[in-house]
Amino acid sequence: MDGSDAERVAQALAGDRDAFRVLVERHSRSIFRLAYRMTGNEHDAEEVVQETFLKAYRRLSRFESRSNFGTWLYRIGVNCSLDLMRKRRPDSERRDSDAPEGSEAVRELPSPDPAPDRLLLSAELGRQVAKALGALSPTERAAFLLRHFEGQSIEEIGQALGLRASATKNSVFRAVQKLRLALEPFVQVKPNVAASRAPSPNQ
Amino acid sequence: MTHPSEEQLIAYRYGDVSETQERAAIDRHLASCDACRTSYEALQRVLAAVEAAPVPERDASYGSRVWQRISPQLDQRERLDWRAWLVPRRWVAVGAMAALVFAAFLAGRFWPRPTQQESAGPIPVQVRERILLVAVGDHLDHAQMVLAELVNAGATETLTKGGVDISFEQQRAQDLVEANRLYRQTATRTGDSTLVNVLDELERVLVEIAHSPAQLSSAQLNEIQQRIEARGILFKVRVIGSQVREREKSAGQIAPRGRS
Ligand SMILES: [Zn+2]
Chain A
0 MDGSDAERVA QALAGDRDAF RVLVERHSRS IFRLAYRMTG NEHDAEEVVQ
50 ETFLKAYRRL SRFESRSNFG TWLYRIGVNC SLDLMRKRRP DSERRDSDAP
100 EGSEAVRELP SPDPAPDRLL LSAELGRQVA KALGALSPTE RAAFLLRHFE
150 GQSIEEIGQA LGLRASATKN SVFRAVQKLR LALEPFVQVK PNVAASRAPS
200 PNQ
Chain B
0 MTHPSEEQLI AYRYGDVSET QERAAIDRHL ASCDACRTSY EALQRVLAAV
50 EAAPVPERDA SYGSRVWQRI SPQLDQRERL DWRAWLVPRR WVAVGAMAAL
100 VFAAFLAGRF WPRPTQQESA GPIPVQVRER ILLVAVGDHL DHAQMVLAEL
150 VNAGATETLT KGGVDISFEQ QRAQDLVEAN RLYRQTATRT GDSTLVNVLD
200 ELERVLVEIA HSPAQLSSAQ LNEIQQRIEA RGILFKVRVI GSQVREREKS
250 AGQIAPRGRS
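Protein sequences, first through last, are from chains A and B. Residue numbering for the first sequence follows numbering that gives the first Met the number 0, beginning at 0 and increasing consecutively. Residue numbering for the second sequence follows numbering that gives the first Met the number 0, beginning at 0 and increasing consecutively.
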């Protein structure tokens with residue numbers, strides 16, 4: 000199937016369902032990856048993928064043809080993820096009776112347990128990464144994922160999250176800073192290098 | 000130059016250092032300062048680890064499966080939302096009319112004459128209840144959509160220079176207010192206090208939306224969004240909506256014979 004995304008959007012708007020099917024087939028996997036990194040689990044990620052395309056279909060007429068469809072879709076995907084996380088937040092009553100009892104425990108802060116001298120298996124590192132990502136605020140996580148994995152500009156991310164450029168930049172910064180704090184002990188080349196302390200800004 | 004701050008290094012990493020001079024200065028500094036270079040390399044390793052963290056694979060046919068799951072819903076949603084957006088007036092008229100008819104019906108003032116086959120006796124309570132529940136269920140769905148759209152507004156749309164245009168949401172909120180009032184009155188009469196409370200709260204939010212300016216600055220939009228969220232109204236509407244749907248189902252099971 001060829002034809003640019005923009006062409007497909009135009010066809011879908013003209014009532015061609017098949018054109019929208021092509022868009023779904025084209026972008027599902029990347030939206031899944033984004034949603035998985037946002038939500039941290041497959042079940043939620045699947046839900047986000049579906050919701051993203053349903054929402055995109057409804058809003059298709061608001062898509063501006065000169066912008067990038069993928070970027071627009073990520074924007075919706077990130078917001079669907081944020082919605083879902085909000086829904087799962089412990090401060091509102093739980094909506095789904097099938098949500099596991101202590102599901103909010105996922106959001107706990109990482110325990111400072113670096114064990115730097117032990118060789119870490121990649122599976123363990125993967126767990127630590129998931130934990131560190133899970134400890135970011137939803138906005139920080141969204142900003143970071145869009146910047147790092149999708150290569151979106153600060154301006155684009157700001158639009159997606161409804162933030163000013165300075166706040167967006169700050170979210171990315173805070174996210175990376177927190178990730179570094181949580182993960183640096185696990186990726187140390189040599190455990191006792193003095194440089195684990197950052198130098199002071201003034202010489 | 001002095002050692003760049005962590006913030007500068009992170010911005011540098013992502014190419015977000017705006018001035019080429021600053022970029023060049025950091026380049027030079029990293030080439031000459033061991034401490035900063037070590038620190039920057041550690042940052043790179045952390046980010047590489049984040050990148051390497053496994054994400055479950057989805058095969059090439061995943062997109063088709065997603066399509067199979069969502070395509071039946073596209074039609075529903077299309078009827079429910081899309082056309083409603085395009086022809087808000089008609090959608091609204093139907094909603095408001097339905098509400099009026101139901102309220103009048105439940106008040107016993109209006110009902111089409113029974114056909115020959117049907118007995119002319121009073122409409123069983125269960126049937127009345129079921130009809131009301133269906134109507135209220137639909138109403139809550141519509142309300143939920145408006146609130147959800149509003150909570151997401153600005154986040155998914157490109158913010159125009161002046162802010163966000165919520166005139167669609169506003170128009171729909173305005174029309175839902177009328178319907179809402181009727182359902183609330185009916186629910187009061189039938190003594191369903193949980194429903195009354197939610198409808199009451201919903202009404203206040205809808206009125207607020209209907210009366211706000213159509214063109215909102217990001218700050219104003221934020222304020223409204225926060226108020227909606229603080230009240231948890233979207234959540235309450237969802238919960239009571241699904242409860243109503245449940246009751247609707249069980250009312251449907253007993254309705255034909257009128258047994259309780
Ligand atoms: Zn230095």
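Calculated from the structure, these hints are not laboratory results. Cβ coordinates follow ideal geometry from the N, Cα and C atoms, glycine included. Some hints could be false.
[What the hints assert, rightly or not] Derived DEER-like restraints, expressed as beta-carbon distance ranges:
| id | chain 1 | residue 1 | chain 2 | residue 2 | range |
| --- | --- | --- | --- | --- | --- |
| 1 | A | Ser66 | B | Thr19 | 36 to 42 Å |
| 2 | A | Arg61 | B | Glu222 | 22 to 28 Å |
| 3 | B | Glu6 | A | Leu12 | 39 to 45 Å |
| 4 | A | Ser152 | B | Ala47 | 32 to 38 Å |
| 5 | B | Lys248 | A | Ser64 | 39 to 45 Å |
| 6 | B | Ser4 | A | Gly2 | 22 to 28 Å |
[Said to hold, decoys possible] Partial chain A-side listing against chain B, Cβ under 10 Å, derived:
| id | residue |
| --- | --- |
| 7 | Ala9 |
| 8 | Leu124 |
| 9 | Arg126 |
| 10 | Asn169 |
[Said to hold, decoys possible] In silico DSS-like pairs for lysine-lysine, Cα to Cα no more than 27 Å straight-line:
| id | chain 1 | residue 1 | chain 2 | residue 2 |
| --- | --- | --- | --- | --- |
| 11 | A | Lys86 | B | Lys235 |
| 12 | A | Lys86 | A | Lys177 |
| 13 | B | Lys248 | B | Lys235 |
| 14 | B | Lys248 | A | Lys86 |
Hint check against the structure, violated hint numbers in rising order:
1, 4, 6, 7
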